[in-house]
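Single-letter residue listing:
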Amino acid sequence: MSTPSNRTLNAVELQVNGVAYPVAIETSRNLSGVLRDEVGLTGTKEGCDDCECGACMVLLDGQPINSCSYLAVQAQGREITTIEGLADGDDLHPLQRNILAMGGVQCGFCTPGMLMSATALLERNPTPTEDEIKIGLSGNLCRCTGYAKILDSVAATAVEIS
Amino acid sequence: MAVTDMPEFIRADGPDKVTGTGRYTADMTLTGQLVAKFKYAEVTHAIITKLDVEAARAIPGVFAVLTAADVPDIRFTYGIADRTLFATDRVRFEGEIVAAVAAISDDVAQQALDAIVFEYDELPPIVDLEAAIADGAALVHPDVDSYVVTGDTPHSGNVATHSSIAMGNAEEAMSNAATVVTSRYVADASHATPIEPRAVVAQWEGERVTVYTSTQVPFDARNLVCEALELPANRVRIIAPHLGGGFGGKCGGHFEPHIAALARAAKRPVKLVFSRWEEFIAPDRRREGMIIDITTGVDADGKIVARTGNILLDNGAYLADSAFFPQAAAMHVAGPYVIPNVFIDSRLVYTNHQPSGSVRAPTAPQGCWAVESHTDEIAAAIGMDPLDFRRKNIVTTGSVGAVGQTYDEIGLDQCLELAAESAGWGNDLPDDEALGISVGWWPSFHSPAGAYAKMHGDGSIQVITGASECGTGSVMTLRMLAADELGVDQTDIELVYQDTGAAPAGPGSSGSMTLFNHGRAVERAARQIADQIKELAATELEANAADIVLADGKASVAGTPTVSVPIVELAGSSPDGEILGSATTEDIEWPEIKGSTCLGDQGFSSWMAPQFSCHVVRVKVDKDTGVSRVLEVHAAHDSGTIINPIAAHGQIEGGVTMGIGQALTEGTQYDDAGRQRNAGLLEYKLQTIADAPKITTQFVEIYTPNAGPRGAKGLAEAPNVATCGAVNNAISAAIGKRIYQLPMTAERVWAAMNDISLEEA
Ligand code: FES
Ligand code: FES
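For the protein sequence lines, the chains are A and B, in the order given.
With the numbering used here applied, the first sequence covers 982 to 1143.
With the numbering used here applied, the second sequence covers 17 to 777.
Fair warning: there could be bad hints in the mix.
Rough simulated footprint, nothing fancy, chain B against chain A, three-plus residues with beta-carbon under 8 angstroms [unchecked claim]: (1) 1087-1093; (2) 1111-1118; (3) 1122-1135.
Below, a list of computed lysine-lysine pairs in the DSSO-like style, where the Cα atoms sit at most 27 angstroms apart [as the list claims (entries may be wrong)]: (4) K753/B - K710/B; (5) K753/B - K1115/A; (6) K1115/A - K701/B.
Facing chain A, according to a computed beta carbon distance under 10 angstroms, are these residues of chain B, among others [unchecked claim]: (7) D29; (8) K33; (9) G36; (10) P213; (11) R284; (12) I662; (13) I676; (14) L697; (15) D707.
Since the hints were derived computationally from the structure, they do not count as laboratory data.
Just so it is clear, the structure is predicted and the values come from calculations on it, not from any experiment.
Quick reminder that beta carbons are idealized off the backbone N, C-alpha and C, glycines included.
Full structure from sequences and hints, please.
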């Protein structure tokens, strides 16, 4: 167990949403914690700490990962995209616009993770079937919506951008 | 303006939530903040023999360690004041807090917990409901008779409260019935499981404390801090940042007093963030386990003539907000049926489990599951179609229900027909599929609630409300009502909410009360502003105030729309420099009631603006494994007028999906000592998008006078009521055997199919 006096810190540079953030962190720190507490981007949520809920989903070189269960030091040299990096300036990403307009946001706690999974899905498969959307989002729990409007908004986005 | 003219809903908190800029409690960081952690009993029933925190206090970086010795010696909770902030002489469930620490880091806080000396003598756990109420049973609270009791809360021994319904002569009617059916149903406990684990941050400035917390009811949280720490209300301010779901689990106050006390002792801001394990084991808001015995007699025509019931509810160790549960459960076992002779006895039983408390429609999913499964058993016993049997027996407009209440215009019969038709009731299905039907009901609750409305000198408008937005969109809907009163666009109005320092008190986000109560207050506060604007416009336009119409941002003279003045310009002309409105909910008429609750009346003996629903589900059962899948849900709801359709549909879809989880997978498993065995999201399985069925929703919009704004009733709890019963009826229709335990896991379905008792297996 470490105490303030014997912590070993690593100087790491994290590339998040196109910006380089130098941070000093212990090897054991998970990426979600470092993004939230060191980088200051709290859009990435933590609903468990064990790959169970998907609230912490971010993209690592375009691939969705549960950042709660990923060591921050391993993300060095790779491009991290969080929910804060999804919009183009003031213009919402079509997924953000549609999930909001179609009622797929309630408490919003699952929303960042859900949107990151959906982004990765549409990147690799711009014309997903309903089943493919379900598989792509099956690692993201939502307690509020029953998923219907989330599903619809991802399907509508696929049609819109293809 | 008619309700149907409402503009499309724009979610005021939406941009915050889709861009990640919105702050939830765990996202807060205050300069110098410390990390809080709790030492839990982890043993379910024990006498404390030693609690020594000196070594923990001595660790560098530890700023505060608190136990019962460090806070006022106060027992609290409505009904029976059985609770203390920290364990005193004994512990009664695994999540009971023994001590709390505040330290400079997670690691140091953990070291402090590890350094606490906590020794105890274990007592046999009290976890069996029937054994707990047997003569001579050991007591969870040996001193219960010395606790302060409030309300109609008859208690004795391990029975925390007791309620009963008696109408007519059930015994005699039963003995004359043509057919009598008896069933026993057992429901496991389950959880609200919001995706946001709760968090609390407290900061003192002089004698005043501000607590940021993920509560659904900020005023209740404030009251708890005041009561437990002996503070006046004007020194405690509760602010709830964005709330990541609640489902009842975050009703009331929980850990706010602990964190406020830590912050005071540490002289630094203190932050608590729960792990998922803590979210499962520590809160006093779990959905209660139940044992439900029901007997029903029908006459030769298939009319119900009598019902008796005996209900035991697992309260767990402390009363939380559960004093009304026995009465609510009894209402559900009576059901939305016409039954002239009823006797139902319902008892809430102390055990060494986690305390039970409000979770979305408390007692209803389990009670409804039992009574609706039983209803299909009666229909089968007399060879009648389950839909026809319900047609014959449900309450309709003007009928007197099983609890003696006469109903105004209600739409249960329409719900029944719409859901059945939508599902294709009676159509042929593959061998491994079947439809199941269930009706459900739930009250709307009146509560005092206030609202302020303000038009600033520049014409911008603020609505300040004690309501809470836990995700449903109902607070967001409040500005639609205000905008309509004021003839402006909803986006012209900013909301201030979830702040006890700013708003008048109210029930927050609990009991589907936001629109129902806060909505009426907001309408009235906005109307006060509208009246003042009309006065100012009348002077300006040299007309009669009564002739002024507010629409499209303008005040104009009725019939002469060209004679008008922009509303924003009028605000500045007010002599006070701004225009204020302040209103509360007016008293509304309660429905006529012929009292049938004999004892333990906690205000549930008749239901104001009752909501009704019918769910028909299509289920597919894998006959080799017992795995059931819900393929379709056809829901029809009478929740009065629907003001915000997109949010209303969202509530039905979310509530139904929660219901499917409770039906199939969500059950708390305990070890012999009463500790949770599945306190994680891999072991306690929620529905995923891959499981989600197609949900078809229809609303029977019956304008309900003396209810919420514009004839609305409550809404968000009702969709969580009927699904479990419909799923059981579908599974039973598919496999030809009935399931008597909730959740209806693959294992239990498989065992029923193969006539195997799981206890023996
Ligand atoms: S927080 Fe990472 S999966 Fe739940
Ligand atoms: S919107 Fe609340 S968990 Fe998904």
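Status of the hints after comparison with the structure:
| no. | hint | in the structure |
| --- | --- | --- |
| 1 | 1087-1093 | holds (count 7) |
| 2 | 1111-1118 | holds (count 4) |
| 3 | 1122-1135 | holds (count 11) |
| 4 | K753/B - K710/B | holds, 26 angstroms |
| 5 | K753/B - K1115/A | violated, 32 angstroms |
| 6 | K1115/A - K701/B | holds, 17 angstroms |
| 7 | D29 | holds, 7 angstroms |
| 8 | K33 | holds, 3 angstroms |
| 9 | G36 | holds, 2 angstroms |
| 10 | P213 | holds, 7 angstroms |
| 11 | R284 | violated, 15 angstroms |
| 12 | I662 | holds, 4 angstroms |
| 13 | I676 | holds, 9 angstroms |
| 14 | L697 | holds, 4 angstroms |
| 15 | D707 | holds, 9 angstroms |
Hints 5, 11 from the list above are not met by this structure, while the remaining hints are.
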